[in-house]
Each structure stands twice: as structure tokens, then as C-alpha cells.
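K.L.:
Residues per chain are reported as follows:
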Amino acid sequence: MTSESKTWESLKTEYLHQVEKALSSIKHPRKKEVLEDVCSHLDRRFAELKSDEQTWENFQAIITEMGPASDYAELLEPEAIPVSRGASRKYLLYAGLAAFVIITFVILLPMMISRKVQIIASEQGRIEDKIDYPFVNDPQVIGAWKSVDFVKKDNDFKPGRKNWKGELFLNHLVFEEGGDIAGGLYTWTKGLVLNEHSKTASIYEIKEIDGATYLFFQWKSGDYTIRHQTPNYYVLKKVSLESVKSEPMLGKKADIPSTSTIYENGRIVDKIDYPFVNDPEALGAWQSVDFVENIEDFEPGTKSFKGDLFLKELFILENGRTNWAFTWTKGLILHAVDKTASKYLIKDIDGTKYMFFEWKSGDYVFRHMKPSYYVLKKAPDKPYVESRTVDKIDYPFIDDPEVVATWKSVDFVDTVEQFNPDRRHWKGSELFLKELVFLSGGKTTNSWRTWTIGLVLDSNNKTASRYIIKEINGSTYMFFEWKSGDYTIRGMKPKYYVLKKD
Amino acid sequence: MVQTLKKSQGLKIREGNIYPILARLQTDGLVASYSEASRDGPPRKYFKLTESGEKRLADMNAHWDQIIESIQNIRKGTYK
Chain A
152 MTSESKTWES LKTEYLHQVE KALSSIKHPR KKEVLEDVCS HLDRRFAELK
202 SDEQTWENFQ AIITEMGPAS DYAELLEPEA IPVSRGASRK YLLYAGLAAF
252 VIITFVILLP MMISRKVQII ASEQGRIEDK IDYPFVNDPQ VIGAWKSVDF
302 VKKDNDFKPG RKNWKGELFL NHLVFEEGGD IAGGLYTWTK GLVLNEHSKT
352 ASIYEIKEID GATYLFFQWK SGDYTIRHQT PNYYVLKKVS LESVKSEPML
402 GKKADIPSTS TIYENGRIVD KIDYPFVNDP EALGAWQSVD FVENIEDFEP
452 GTKSFKGDLF LKELFILENG RTNWAFTWTK GLILHAVDKT ASKYLIKDID
502 GTKYMFFEWK SGDYVFRHMK PSYYVLKKAP DKPYVESRTV DKIDYPFIDD
552 PEVVATWKSV DFVDTVEQFN PDRRHWKGSE LFLKELVFLS GGKTTNSWRT
602 WTIGLVLDSN NKTASRYIIK EINGSTYMFF EWKSGDYTIR GMKPKYYVLK
652 KD
Chain B
-4 MVQTLKKSQG LKIREGNIYP ILARLQTDGL VASYSEASRD GPPRKYFKLT
46 ESGEKRLADM NAHWDQIIES IQNIRKGTYK
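Protein sequences, first through last, are from chains A and B. My numbering puts the first sequence at residues 152 to 653. My numbering puts the second sequence at residues -4 to 75.
No wet-lab data here; the hints were simulated from the structure.
Taking lysine to aspartate or glutamate and the EDC-like style, the derived pairs with C-alpha atoms no more than 20 Å apart in a straight line are: (1) K43/B with E187/A; (2) K341/A with E356/A; (3) K2/B with E216/A; (4) K43/B with E184/A.
Partial selection, computed: residues in chain B whose CB lies under 7 Å from chain A: (5) E10; (6) N12; (7) P15; (8) T22.
Sample of chain A residues at the chain B side, in silico, Cβ under 10 Å: (9) L174; (10) K182; (11) E184; (12) L186; (13) D188; (14) R195; (15) E216; (16) M217; (17) A220; (18) D222; (19) Y223; (20) A224.
No residue lacks a Cβ here, since even glycine has one placed at the ideal position from N, Cα and C.
Turn these sequences into a full structure, and let the hints steer you where they fit.
P.N.:
As C-alpha cells, then:
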């Protein structure tokens, strides 16, 4: 049990004890049932918290939202309460019943029966499908499938007649044994293709048409997740693995520099050890205005990219520094961890300077797609002010015998829930943090890194990173919050190293 | 259900309030409950209206409509 779980359990027990005490003053036959319902409700609320939300403040908020313990007795036996309060409670009772019926029969039930894929969240209008399905094998789907058409409805497809007049963005899908799809973007289980980044679950269906085998794959792009349109279908035909090996899964093929290396797992590693050469034209602040497939697609004053731009601004600083994890030298922006060298090009368009910055994401690194470009506009008046997040690190030492051990890194995940011991999430060649050695008395093998129960304290970077210990399939794992510059400088949510007890 | 109720303006409800209310409705025979296994944790409890619950709801809705209409009439000065 983690330290957070222990704190939660004690708060929950105390609240249930208060409710039980309040209910002891009445004789309603269902009071035990109410207590059980409240207990289940609390368990569910705790289970809904993401690991980084498991804080004392959030636990208190859950308990506060439940309401005073005395409410339970008053609502269960309103006859026992004074008339003046009874009137408002009676109103609440009727309103509760009416709202219950409206919500259950008018809102929830129609939602539940109209969708085959369960939608679990919709934040700011964005649809997120349920994606945590257990793996169920489907021998028929294993192998390579090549796109032949893109249709509105699956029965629009006619072999030999292409509906879609443009280029097909999805070139192929290679379903591997065990639930992976080559390229690392998708995984699969019987009947579904799952994308944990976009949080979509796309239905696939295999059909025999005129003696050939086709796969109909629901295409859940931003048109579905953001604009709530009905997904179209890619139609893919079963082909040999050899025939798709040389092309990327999506988009156009990247022009991979001869100085880059392609590893056995398909990862491209660019040459990044370039000497620094200054470029006065590049120095300064640049603000993102668009994200385009080709440089020539950009039109000043028009934003063709419909989503939110991930890279908001870029400061090119003296001596090869930037405000991101990038470094730079004339003509190139380098990323030491991702091992990418992205070209940049500065153009003067209608008297304004624009930078076209080759964006080498996983689509390039793993899926060999031609990189798209961030278009950044020079912001000459914007000064660079470095601000850092500094955590409180002066915590007293509280022992945690469970943590004293050597822990070896096995994965790097966005959230604790993402970790699957049978399928590594991190697709890179190696993990930066190899191990953590926790010694007794709050020490580690690094003088600047100490610990107290639930936290690892870094006196150099002034960060307090949470650690969570979990038993999974008989092994002990630690989830260690990784507070890099993405957290301290760019304000991003920390990811987690997953370490296994040695 | 609670989350949606909490969004309703003017309806102040605490998360825990729903359980004694539902327990009373069950005792009065207006609501029935059943449990189903859940993949995400402990079994989930579902509630549905019984026949007499539906009838009571219809009566209450009619009564509520009547109250609203009466109040509106008073506000508009239809009743002197």
C-alpha cells in the first residue's frame, strides 16, 4: 500500500465512522445499506484519482463533497428532524427523484445503448474513448494490410473502384502478434485498434469481398474527437509484409539524412554532435503561427492547422541555448534526448521574418514520416525571462523501509495507469535514468538526491518528486515522477520512470 | 448522477445525500436496485424506477407543473 493510500484509508475510515455514529440515532432498516453505498462511493472516487491527484487536499475535497455525517440520518428519517429543515429536505427529496429519473432515463440510458465503443470523457468538447481493453487475440487480423480506399460507410466500398480521389494518408497497418501495431502509434485487441495518445478506440472489421480479404478501419481523426463527426473508414487489403516494409505507415516518406542511423527497432537517430556556429538572424523570440505539411503551404495571416499548437514560442538564445530542451547551431535545432537534428529556415515574407522549423516527432523518429513544419513569426520586442518552478524540498525525514533497495528502470510512461509490465511504452533505445539506489536514513547514492516517505528531493534542481510503490503481477514497481526542465521551466506535467525492485 | 445534479443551478446537493434519498425511495417501493460486476472496481449498483415510482413521479411532475403555473399567475398578477 502506498503512503497516499494509507492517508486515504484513514480519512475514509474516520468519515465512515462518523456516518455510522450519526445513523445509530435512527432505526431505519436500510441504514447499513446506506453505509455500504457511501463506502463504495468513496472507493470509486479514490480509484478515479490519477496518481498525481492523490494528494491530501484532494482526499479532503472528496470527504467535504460528501457532506456532513449528520445529513445521512436526517435524509433517511426526515420525520426525526425539525419541521423548518424538513421542508427544504422534502423539496430536495422530490427534486432528487425528478432529477434522478431525468438523468437516468433521458440522458444516461440513451447514451449507454447508442454506442458500441464506450466514451469515457469529453473535456472541452473533446471525445476520449475508453481504451483500456484487455488483449483478446484475433489470428485473422495478424499481418500486413495496405490501404486501397477511404469511404464514408463500409458498404460504399466497391473493389476496383476507388472512392477517394486524393492521396491516402494511412498507407498500411501491420498487426503484430500480442497486440502491437508496427510503428508504435497503435495497439490492438480483437475488433478494436487503440490509440493511447489520441485516446481513441477504432472498430475494425474483416470482410471477404470477391475472393479478397479487406479490413475496414474506423478513422478517428480530429473530425471525430474535436468536431464530433461520424468517422469514415479506411479500406485495407491483406498483403505481404515485404510489400509495405519500405514505406511509412502514415503520410509521405521522410528524406532520412545519410548521417542518420536507423536502428533495428526502426528508430531513426540523427547526428547531433555539431559544433556551434552562430546565426544572428535566428537569435531572439519566435512565436508559433501555424503548423504546415510543406513550407510552401504557409499563407501569412491564415492558420491552416486547426488544433492547438503544442509549441507556443521558441527563444533562440546565445551560445546554442533555447528555452526548450533543444540546442541549436546555424541551420539546425538539436534535441539531445530524442536525438533529432531539425533543419530551420528563415524567410522574409511581406517584410516579416518567419522561421520554418522541421518538427521531428515520433512520426519521423519511429514511423519515418516526412516531418511537418512549425511556422514561427519573429517577435522582436519579446524579452526572454527565465522562470523556474521550485518545489518545497525541506521535508522532515520519515522512514519508509519498503523503499530502501536498488530500483532498475524498466519504462517511462505518461501516467501511472499507462504502465503495462508486458508491453514497454518507451520506444527509445535506452532509458536516461538507469537506476535509483535508496539507502537507509533518507540517502541515495547521489549526494544531491535525498528522500523521505513518498518523496525524492533534489537539492540541485529544487524539485520534490513523488514516488509510488505498487505490486503488479507479483513484482514490486516504483513510479518516480520525472521533473526535468519540461516541468521546472516549461510548466509541463511530469512523466514517470517505472523502476523494478532489484 | 451526482455530478449532473451538482451542475443544476439552485439545487444544492452533497454527493453523500443521494444514498439516504435512494434508500428511502427503495423502502417506499418507488425505486429498485440491482448490482452488476464492474471491470473498473467493486460491483456497481444501479437504480431504476418501479411501476409505482413512475406513477408517483407523474403525480409529482403534474403537481410541480401546477405549482409553477400558479406562481407564474401570481407573478403576472392574473389572480387578484
